[in-house]
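**Q** Listed here are the chains, written in short residue letters.
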Amino acid sequence: MQNRDLGQIRRIIARHKRWDTVFMVIGMLALLVGVLSFTALFADMVIKGAPRLSADFFVNFPSRRAGEAGILSAWVGSTLVMLVTALFAVPLGVASGVYLEEYARKNWVTDIIEINITNLAGVPSIVYGLLALGLFVYQFGLGQSILSAGLTLALLILPVVIVATRESIRAIPQHIREGSYALGATQWQTVKDHILPYSAGGILTGVIIGMARAIGETAPIITIGALTFIAFLPPSPLQSTPPFISFEWVMAPFTVMPIQIFNWTSRPEAAFQNNAAAAGFVLVLMTLVMNGLAIYLRYRLRKNIKW
Amino acid sequence: MVTNMAGPDIKTIIDADERARGTLVTKAEVKDLNFFYGDFQALKNLSMVVNENKVTALIGPSGCGKSTFLRCFNRMHDLYPGNRYEGAIEFHPDNTNLLGRDVDPIEVRMRISMVFQKPNPFPKSIFENVAYGLRVRGENGKRMLEEKVEQALRRAALWAEVKDRLHELAFNLSGGQQQRLCIARALATDPEMLLFDEPTSALDPIATGSIEELISELKDKVTILIVTHNMQQAARVSDFTAYMYLGELIEFDITDNIFIKPKMKQTEDYITGRFG
Amino acid sequence: MSSALTSASLPEAMSGSPSARLAARRTRHLRERAIEGVLLLAALVSVFTTLAIVYILVKESVVFFQKVPLIDFLTDTQWTPLFDDAHFGIMVLLSGTLVSSGVALAVAIPLGTIIAIYLSEFAPFKVREIAKPFLELLGGIPTIVYGYFALMFVTPILQWFFPGLPGFNLLSAGLVMGIMIVPYVSSISEDAMRAVPMNLREGSYAMGATRYQTAVHVVVPSAFSGIASAYILGVSRAVGETMILAVAAGMQPNLTWNPAEPAATITAYIVQVALGDLPHGSIGYQTIFAAGLMLMLITLAFNILGHVLRRRYREAY
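Just so you know, the protein sequences line up as chains B, L and W, in that order.
Residues in the first sequence are numbered consecutively from 1, following this note's numbering.
Residues in the second sequence are numbered consecutively from 308, following this note's numbering.
Residues in the third sequence are numbered consecutively from 584, following this note's numbering.
If you're looking for bench data, these hints aren't it; they were derived computationally from the structure.
Fair warning: this is a prediction, and the values are worked out from it, not measured in the lab.
All clues stand as given, with none of them false.
Covered, in the sense of this in silico footprint (three residues per stretch, anywhere, with C-beta under 8 Å from a C-beta of chain B), are these stretches of chain L:
#1 407-417
#2 443-456
Here are the simulated PhoX-like pairs of lysine-lysine, each with C-alpha atoms no more than 25 Å apart in a straight line:
#3 B:K17 to L:K449
#4 L:K470 to L:K449
#5 L:K338 to L:K351
#6 W:K715 to B:K303
#7 W:K709 to B:K303
#8 L:K431 to L:K470
#9 L:K526 to L:K338
#10 L:K425 to L:K526
#11 L:K455 to L:K526
#12 L:K570 to L:K351
#13 B:K17 to W:K709
#14 L:K431 to L:K449
#15 L:K570 to L:K338
#16 L:K431 to B:K17
#17 L:K425 to L:K470
Glycine included, C-beta positions come from ideal geometry on N, C-alpha and C.
Just chain B, with the same shape it has in the complex:
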């Protein structure tokens, strides 16, 4: 090679560097496809939907007259379903995560649990809907209610919460635990006073991501049988007669935001398409805010915690 023409080497290098540049361009173009899709989607919804976004839109029920239709029952329904989802997913998920990280021994029971969690994360959401239909709606007799929907979505996002819990707990170094045990604390006291508080941030991040996922889920809720045209609200949780709190709403029929969007998208009239765009915009905004919040939280946590 000492005899090799330096110029020839330079030409070969230049040729290979051209591949470098070509690939960089292709890479940026590929990213651009994603950016453009997102922009197109967002812009389309804003253009078609923004005119419909008024205060009325949020407090009106859906109606056969597109101009008067609103998302009241949808977003109230979504909120209530999310409430039930969180109520079940958070305790179950955190408890599972705590068990697996702090208590579980390396045996076949633990292996089976872990395999199941990984497996469930890959199950299509509509299968959860089938499960809910067969089990919650009919077998358990919970009917086509907010409770059924909340339970189903809780099971759906359970793997997300469990994984987030486990990773946050794993980040806590062993010497913190040892410090607690060395002072005579029991296992539960260590978990309650140290493990949970220190991992709370990471767990919260995971819960937010799970909820952002749940709020956009359509298929399982449709399968349960949520009706697509609901022009009334579930009974209020507060009532004027004792005991002042009612749980009737839990068993009431309902609709959620994604289903309302689906219903409007299925109508041929352009006016309803605009309603769908407006509602879609609201939903995307909600999801973006939640995901963005979770990403921000994760970033702040990584910077702040220095063990």
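Once you have looked at the hints, place chains L and W on chain B.
**A** Chains L and W alone, transformed into the frame defined by chain B:
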């Protein structure tokens, strides 16, 4: 007559006899090299000569900058942001400054090859590993590749062991064999200089012995610069030795002088094990 | 003797007679075990869920397969469960699933891999910092919105290029599904590539290779198991997707291998049935469980494959 080198005022070493006989030729001349990792100065005013077809060893305690110095020769630091070179390394016969901003690092790396501390064969067959450097240079002719691969493997004393399994994955070789494969890979492109970054520290004593033997055989045809934390290895293998400490070149001389009658007290302290 | 350690100042568990202390220790022990039991039950919910899914799918499918022979189910070329002359050929729905997934993967795999290589080996730090959260957000958009986008935006554009294209078609849905899957493929592939040790890359650069050569000849082959598992995840996601297809591909079962036609996938069919009014226990009701079982088996097969591949790449380092 050996000229002494001490502190920042460094003069080039000349072995008058050998130069007079014309058998000692400069391959690379390091002139006032300073190197910065961000704000931290890792190399201070290094000046030295690397002689052609000889083995030059860089020794010194951990953190003295010998690997940093080595990696300047093939512009490895360019891969990471925030690094800065000052000074020059003139590469003969064309006097190219290896550190020059207008000099392409890829071109430098095609003239100077490196063998790493931890053997790093690619996830390819033995043949393809050795042929990689040739392919990168645009040489794809089947006959030529086969010839050069065999030649490189012979020079690395690995041919006999692998000639029947050239198309097996390189991962299946033992640690010592993998390192010899990496040496063959580096040799296949006929480099003008070979850099060894602690090539045997990850290997067992028997493998170490075979690599050292290899280096001794190679040196008459290739200029070799080797970093080692093992003094005995430097003594066994090298013709010239440079002792570094905290980023500075303390002493540079023919190996025998460094180990038998060092001129600087710091060198003597290190050699005799007063610190390490 | 110092009176500082009176029994009043000792913690309850340490005061009193030895038998009292023993009793306190036993209750504490019982309480700890009870808490552990509760936590274990919570962890077992995941196992119960899997068992429940299997139970429900199998229970209804068994009834179904008593009325419809398995051979017919697998080989019939019509899917008309509600007609008097009912046919139950799952191939019809499967064709919709396969075609739409094929289109989606044809988009997601190349784009996702290129983005992963670019972010891992080429992109400057700032670009990565922005691109990664952005991709995460892209993957978090609700699928119903993607469905709306496919129907109202992508289909008209495609119709401008291909004038004969029907309003409902698998192509539009498949393309949008592909975009949705790109973040999954790219983030897992990129993680696999970043796990390749720097030592290997340096070996390639030291030979005078460019970034492209190093990426293609060294990094991607080393990360291959991880990249393959990313692809498998993408397949799984595509096969299980529902709403994009329900909205944009129509819900009419249609045995076709042509993406320019409307068709129902397994998932879209289940939605269609659920939207209607099927009495519990009817054959129509049972078809969705049989279809669901088919879907489960397909996704399970891919999930297992992905798991095996992920294990293999984790062992390599």
